[in-house]
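Student: Each chain is listed here by its residues.
Number of protein chains: 2
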Amino acid sequence: MRIKLLGTAAGGGVPQWNCNCPVCIEARRLGGRVRPRTQSSAAVSADGSTWFLLNASPDIRQQILDAPALGPGNSQSRGSGIAGVLLTNADIDHSLGLLLLREGGRLPVYATDAARETLTTGISVAPVLETFCGIEWIQPPLNPEPLPKADGSESGLVFQAIPLAGKSPRFADAARAKAGADCHVVGYRIHDRSTGGGLLYLPNLAEFEDHLTPLLADANAILFDGTFWSDNEMIERGVGTQTATAMGHLPISGEAGSLARLRPLKARHKIYVHINNTNPILFEDSPERAEVERAGCSVGSDGTEIVI
Amino acid sequence: MRIKLLGTAAGGGVPQWNCNCPVCIEARRLGGRVRPRTQSSAAVSADGSTWFLLNASPDIRQQILDAPALGPGNSQSRGSGIAGVLLTNADIDHSLGLLLLREGGRLPVYATDAARETLTTGISVAPVLETFCGIEWIQPPLNPEPLPKADGSESGLVFQAIPLAGKSPRFADAARAKAGADCHVVGYRIHDRSTGGGLLYLPNLAEFEDHLTPLLADANAILFDGTFWSDNEMIERGVGTQTATAMGHLPISGEAGSLARLRPLKARHKIYVHINNTNPILFEDSPERAEVERAGCSVGSDGTEIVI
Chain A
1 MRIKLLGTAA
11 GGGVPQWNCN
21 CPVCIEARRL
31 GGRVRPRTQS
41 SAAVSADGST
51 WFLLNASPDI
61 RQQILDAPAL
71 GPGNSQSRGS
81 GIAGVLLTNA
91 DIDHSLGLLL
101 LREGGRLPVY
111 ATDAARETLT
121 TGISVAPVLE
131 TFCGIEWIQP
141 PLNPEPLPKA
151 DGSESGLVFQ
161 AIPLAGKSPR
171 FADAARAKAG
181 ADCHVVGYRI
191 HDRSTGGGLL
201 YLPNLAEFED
211 HLTPLLADAN
221 AILFDGTFWS
231 DNEMIERGVG
241 TQTATAMGHL
251 PISGEAGSLA
261 RLRPLKARHK
271 IYVHINNTNP
281 ILFEDSPERA
291 EVERAGCSVG
301 SDGTEIVI
Chain B
1 MRIKLLGTAA
11 GGGVPQWNCN
21 CPVCIEARRL
31 GGRVRPRTQS
41 SAAVSADGST
51 WFLLNASPDI
61 RQQILDAPAL
71 GPGNSQSRGS
81 GIAGVLLTNA
91 DIDHSLGLLL
101 LREGGRLPVY
111 ATDAARETLT
121 TGISVAPVLE
131 TFCGIEWIQP
141 PLNPEPLPKA
151 DGSESGLVFQ
161 AIPLAGKSPR
171 FADAARAKAG
181 ADCHVVGYRI
191 HDRSTGGGLL
201 YLPNLAEFED
211 HLTPLLADAN
221 AILFDGTFWS
231 DNEMIERGVG
241 TQTATAMGHL
251 PISGEAGSLA
261 RLRPLKARHK
271 IYVHINNTNP
281 ILFEDSPERA
291 EVERAGCSVG
301 SDGTEIVI
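So the protein lines, in turn, are chains A and B.
Okay, so the first sequence: first residue is 1 according to this note's numbering, each after it adds one.
Okay, so the second sequence: first residue is 1 according to this note's numbering, each after it adds one.
Just chain A, with the same shape it has in the complex (with noise of 0.2 angstroms):
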């Protein structure tokens, strides 16, 4: 299995657009000590033609211009080797790009029920979309199953829904997001019936859940939640009043956080991904990237392609 890391930072990018921070800062100086990054998606693929794209950001045109094998190919006048969308979430980072797919045929989208209703009614991007190409609303499994292309043959996928305890979007149905009956949130297991090889793709996780200890231990590529180094990131730098649990990241650092988790896996591919600007693990020269780097773990950036 193929796996690019399209876009490796949380909302807004890196630099995003109106920050001063120190990250951001840096990021804007060619040959800088940050590499700038686009916002949250990768894509998988067995044969290198059929593409999933996991999550669908507002960079989503850019990404696919600087990853051909996404785009038309050679012998179309209108096409894309994207066969559908994997979302973990409605948040307008992983969901907006939807739109901007509206050139081409109708879209296969991988969502829960809440994602749906919340893509749906909280942001009106399925009905606007349903003025265009359309969006075929599928619920993803929860157990393995085969993951088909757009006309119904293997891919050589196999994949499955991780339901996480996670976060709505602010604009998700406010009601409804507060009885907590709904799956806001999944990651996805993805398994290449050929090599074996296996993904796990966490871009958003609120807290550590003792269902996901074997499938970190089974994943040969784990892409993981890197948002925020610390809890009160966003409070320190004086750009946010929440902490990173409150926005439902489990932060990084520290003896619950997620370095001390991914450290002790096997996995060739321990990636952090969904990375905010206000992250220090962002400077290439930075004592939380050595940190990082020195648990086994990598800092994803735009770009990356790795195979499993």
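Think of the hints as simulated: they come from the structure by calculation, not from any bench.
None of these values were measured; they are calculated from a predicted model.
No residue lacks a Cβ here, since even glycine has one placed at the ideal position from N, Cα and C.
Some hints here could point you the wrong way.
[Unchecked claim] DEER-style ranges, computed between Cβ atoms: (1) R268/A - T121/B: 48 to 56 angstroms; (2) Q139/B - D47/A: 48 to 56 angstroms; (3) T243/B - P127/A: 22 to 30 angstroms; (4) G32/B - E305/A: 18 to 26 angstroms; (5) D285/A - R193/B: 32 to 40 angstroms; (6) E145/A - E305/B: 52 to 60 angstroms.
Please build the complex by placing chain B on the supplied structure of chain A, with the hints as guidance.
Tutor: Just chain B now, with coordinates in the frame of chain A:
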């Protein structure tokens, strides 16, 4: 007045993500005969520090990064040179960027009642943004009035909206749009109080209306709808079923086309913008490009700045 062309392509940009037409193929080749272009937007300023966006395209994140004057400047942790957005209509390529400004302060947006309603009920840009920064809706004046900064002080610019016989977005309320009582499309006339320089901004023009004649004669700079070269362009390229006219765009060529109208005008800058990827004027060496230039007009490209 400084005028920045942030994006000069129509919806989808050049190249469009899924398009293999001759223009898009050439635009994907670095140093080819077609320059890549992002989606339609411009910015104007009298003092070089307070800027008004003319439309907010889906590519706005990249456009702001490429135009540092619109970014946070040097002195603030977060901030922006953008004092407001003047919308000509509610099409996705002109309005979706509003959602990408959600991390900033409350956003002054000038739009007609019909565009505002479309952005509230047709596509839920307004209610979603209300859960972030929120929109300060302002109806643009039909007669010249000072364009204020966010703090109410004078920006040095005077502006007015020019109502146009345009087309509603397809996701607008169908019954209301059919009734035709609403004004879905405007242009803008913007003057600098010091220099007297005047801009006429008309990126969506469905048909030539007589009230435009004196406005065109008076302008120093004209940014004009350059979507299509010919009326049957989309059909001939096999990528659409509608004529330019039916899609709300006066074609450039022909006796009744826009080039015949622009040719005799004395304005120093007569620039086509909002150019669709099917339009042969995008080839730098095409006969159509040469014809545009012989008429004293030019083909807009991203990053161009003019001063009037």
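Student: Each hint should be assessed against the structure and marked as holding or not.
Tutor: Evaluated hints:
1. Checked against the given bound of 48 to 56 angstroms, the beta carbons of R268/A and T121/B, roughly 50 angstroms apart, stay inside it.
2. For Q139/B paired with D47/A, a C-beta distance near 54 angstroms keeps the hint of 48 to 56 angstroms intact.
3. The hint said 22 to 30 angstroms for the Cβ distance between T243/B and P127/A, and at roughly 27 angstroms that hint holds.
4. Between G32/B and E305/A, the C-beta spacing of about 25 angstroms keeps the proposed range 18 to 26 angstroms intact.
5. The given range of 32 to 40 angstroms is broken by D285/A and R193/B, whose C-beta atoms sit roughly 49 angstroms from each other.
6. Remark: the range hint 52 to 60 angstroms for E145/A to E305/B is upheld by a beta-carbon distance near 54 angstroms.
Comparing the model with each earlier hint shows a violation of hint 5 alone; every other hint is respected.
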